[in-house]
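Residue numbers (numbering that gives the first Met the number 0), protein chains in the order written: chain A, 0 to 150; chain B, 0 to 150.
In case anyone wonders, no lab produced these hints; they're calculated from the structure. Hints are not guaranteed to be accurate.
Same chains, same label: a pair holds when it works inside one copy or across any pair of copies.
20 angstroms max Cα-Cα, derived EDC-like pairs, lysine to aspartate or glutamate [said to hold, decoys possible]:
(1) K89 <-> D144
(2) K83 <-> E109
(3) K89 <-> E61
(4) K66 <-> E106
(5) K89 <-> E109
2 protein chains.
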Amino acid sequence: MPDILHKVGIKSPSVNEPYQAVATIKGLSDWWTNETQGESKVDGTIRFRFGGNGGFDMKVLELDPGKRVLWQVAGGPDEWIGTKISFDFKREGESTGVLFKHQGWKEPVEFMHHCSTKWATFLLSLKSLVETGKGLPYPNDVMIDHVASIR
Amino acid sequence: MPDILHKVGIKSPSVNEPYQAVATIKGLSDWWTNETQGESKVDGTIRFRFGGNGGFDMKVLELDPGKRVLWQVAGGPDEWIGTKISFDFKREGESTGVLFKHQGWKEPVEFMHHCSTKWATFLLSLKSLVETGKGLPYPNDVMIDHVASIR
Numbered sequence: 000m001p002d003i004l005h006k007v008g009i010k011s012p013s014v015n016e017p018y019q020a021v022a023t024i025k026g027l028s029d030w031w032t033n034e035t036q037g038e039s040k041v042d043g044t045i046r047f048r049f050g051g052n053g054g055f056d057m058k059v060l061e062l063d064p065g066k067r068v069l070w071q072v073a074g075g076p077d078e079w080i081g082t083k084i085s086f087d088f089k090r091e092g093e094s095t096g097v098l099f100k101h102q103g104w105k106e107p108v109e110f111m112h113h114c115s116t117k118w119a120t121f122l123l124s125l126k127s128l129v130e131t132g133k134g135l136p137y138p139n140d141v142m143i144d145h146v147a148s149i150r
Numbered sequence: 000m001p002d003i004l005h006k007v008g009i010k011s012p013s014v015n016e017p018y019q020a021v022a023t024i025k026g027l028s029d030w031w032t033n034e035t036q037g038e039s040k041v042d043g044t045i046r047f048r049f050g051g052n053g054g055f056d057m058k059v060l061e062l063d064p065g066k067r068v069l070w071q072v073a074g075g076p077d078e079w080i081g082t083k084i085s086f087d088f089k090r091e092g093e094s095t096g097v098l099f100k101h102q103g104w105k106e107p108v109e110f111m112h113h114c115s116t117k118w119a120t121f122l123l124s125l126k127s128l129v130e131t132g133k134g135l136p137y138p139n140d141v142m143i144d145h146v147a148s149i150r
């Protein structure tokens with residue numbers, strides 16, 4: 000099955016800053032979408048919304064401090080349901096390497112190509128948040144298309 | 000085998016502007032790396048360089064005007080040799096959809112994660128070039144890491 004894979008290197012005092020930005024509702028609100036609600040705890044559900052354009056419900060499967068965050072998609076577009084999204088953190092000199100995987104896509108549909116590019120922009124938003132204090136979460140996200148509903 | 004997949008939507012008068020930006024040495028120089036040389040013709044070789052950080056030699060396999068560009072990697076990092084890179088263009092309203100694939104990776108190594116994210120930034124550079132006349136090719140590329148040699 001095809002996967003979406005990404006990596007960014009984030010300058011940070013420790014792995015903790017990038018980890019907290021992925022493991023907390025406040026952090027996620029500051030780099031992915033400012034419409035983030037729910038409980039970031041194992042077996043909790045986090046709801047990500049994007050104005051009137053729908054969104055995703057993620058069940059939290061793993062929260063391993065400073066090391067790993069794993070979600071499974073419980074609600075959202077058909078293609079996303081059941082897929083898993085992981086963030087792995089590791090120290091690399093003065094940076095934290097963040098390895099990202101969105102796995103379990105049934106087919107490499109065109110929507111998957113779009114989501115791959117869009118994930119890259121959000122991971123760069125995460126990098127910016129940790130390094131500068133300011134990310135580019137929805138509705139200030141980087142546009143990769145001209146169709147309003149898919150941005 | 001794992002693939003890198005991306006899609007951007009580029010506002011353009013026709014498919015021709017994005018196509019030309021991928022099918023010509025001048026276009027490639029303006030969004031990927033300003034150290035681009037060679038011949039963009041079928042069976043020709045294009046050499047992409049990035050200062051002292053090496054680069055890639057691509058053999059041109061297909062040039063289908065307004066529709067498709069296909070390269071095969073003939074020189075570069077071991078993981079890239081033999082892989083294929085394609086750009087497919089199609090009209091979508093006032094935009095051109097560009098579907099990108101970098102296929103034939105043997106393993107989903109960490110370097111592949113990095114390249115996936117970096118390709119996204121270059122495809123957004125292509126989008127910017129066509130829409131605004133200005134891209135962000137090397138050495139003005141978007142940094143996704145803090146290790147100088149892999150940026």
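Results for each hint:
| no. | hint | result |
| --- | --- | --- |
| 1 | K89 <-> D144 | between (32 angstroms within a copy, 13 angstroms between copies) |
| 2 | K83 <-> E109 | both (19 angstroms within a copy, 18 angstroms between copies) |
| 3 | K89 <-> E61 | within (16 angstroms within a copy, 40 angstroms between copies) |
| 4 | K66 <-> E106 | neither (29 angstroms within a copy, 23 angstroms between copies) |
| 5 | K89 <-> E109 | between (31 angstroms within a copy, 12 angstroms between copies) |
Consistency with the previously given hints fails for number 4 only.
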